[in-house]
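Taken in order, these protein sequences are the chains called A and B.
Per the UniProt record's numbering, the first sequence starts with residue 1, numbered consecutively.
Per the UniProt record's numbering, the second sequence starts with residue 1, numbered consecutively.
No wet-lab data here; the hints were simulated from the structure.
Check the hints yourself; a few may be wrong.
Identical copies look the same in the list; a pair holds intra-copy or inter-copy alike.
Here are the simulated DSSO-like cross-link-like pairs (lysine-lysine), alpha carbons at most 27 Å apart as the crow flies [as the list claims (entries may be wrong)]:
#, residue 1, residue 2
1, Lys53, Lys146
2, Lys53, Lys99
3, Lys146, Lys126
4, Lys146, Lys99
There are 2 protein chains.
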Amino acid sequence: MTSAQPKPPMREALVDAAFELFLARGYEQTTIDDIVTLAGVGRRSFFRYFPSKEDVVFPDHERCLADMTEFLAASADTDDPVARVCDAARLVLRMYAEKPAFSVQRYGLTRQVPGLRTYEVSVVWKYERTLAEYLRVRFADRPDGKLRANVLAASVVAAHNHALRDWLRAGGEGDPTEAVDQALSFVRQTWSPDSDGPGGGHAGAESEDVVVVITKRSTPMWRVVREVESSLGEN
Amino acid sequence: MTSAQPKPPMREALVDAAFELFLARGYEQTTIDDIVTLAGVGRRSFFRYFPSKEDVVFPDHERCLADMTEFLAASADTDDPVARVCDAARLVLRMYAEKPAFSVQRYGLTRQVPGLRTYEVSVVWKYERTLAEYLRVRFADRPDGKLRANVLAASVVAAHNHALRDWLRAGGEGDPTEAVDQALSFVRQTWSPDSDGPGGGHAGAESEDVVVVITKRSTPMWRVVREVESSLGEN
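Using the sequences plus the hints, can you model the full thing?
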């Protein structure tokens, strides 16, 4: 083809050039000068978009973190906070799933370069902190609100990353949405909003449709039935 | 005092000198040369103990991580895995609690220097991974074993760090053990070993002593009773 193709924006051109070089000769062996030369731009252009070589490996996290913050800030008080942080985590999934090949290549790089792994872990921590900050406000009226917020945020991030990592390890084939949904529902079942949750007692309605009764095996049946009845609101 | 005091080992002398300088003039403004000069040793001695300036800020994590790995490797198959990872997390607490003033000073440094914060986050991730690896083996026979291991490890680390951070923010006063125990028991109540837990199906015996029944609110009472009966093993 000889016809001119539309040039990608400079930021994307830098990312493309960087990954081409990282994959061909290795991350450590690639300099910022190499990247700007291949992209056909000056050094200052690089630093206009990326503070360091590490940042070009994760070009979308900052935007995604901003999207997540905005998404959570737009929550209503009536929103289920657990569902909300799960949906917020799905924004990260979408970012990875939009560019499967790129995501898998980057996953390979982060396995090889300890500095990139550290960078990635610190990005994950920023997501976790963002979720926790939202939950802390939502759980402000609970005596264990902060602890609950921090542990729940960590659980959501761990579940999300578990499913995401499986998908990346499998080469980014297919749609990771279902696996992430399953992993997040595992967390939601522990932390369902209407449940009193750990330490809060399990008896009573867990949601509009579900009733949970926990009883000792030795409890006489008539007591169990009475508890079920009172949970169901029947007398 | 003019009598000669026993000299601390060189490694500790380097840590002491480093922190004296970090606190007096700032982390970024202190060079490795400054540290070795104050400690009265050569540059090569520094690098014998610490790969980088960052590592001198966290001199005990490597040992603690090794202790944790050893502690978990020494587990019996009969150990409650959830209790075991909570005990493993307490090794980290002990390391901080042994040197309250040092831990609080370091906490201040990690708030001020983003690079140290990143380093700390990557250390936390190593602890989490160590706990998760142990749990993955213990949960190997569960269909959701890996997910459960990863989420539980993240929960334990988040709860531990929540209580530890509170103690550090309060200036390291008093004994943080009780607060950490409370935070960990919050997690244990969610993830009690005999519970089928989230995703594992709630109907049926949760342990020898506890029966859990989950039913839709619209389920007729006779069906609920039948399910309770069959869970209890009565007919």
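Next on the checklist: Hint compliance check: list the failing hint numbers for this structure, sorted ascending.
Outcome noted: 1
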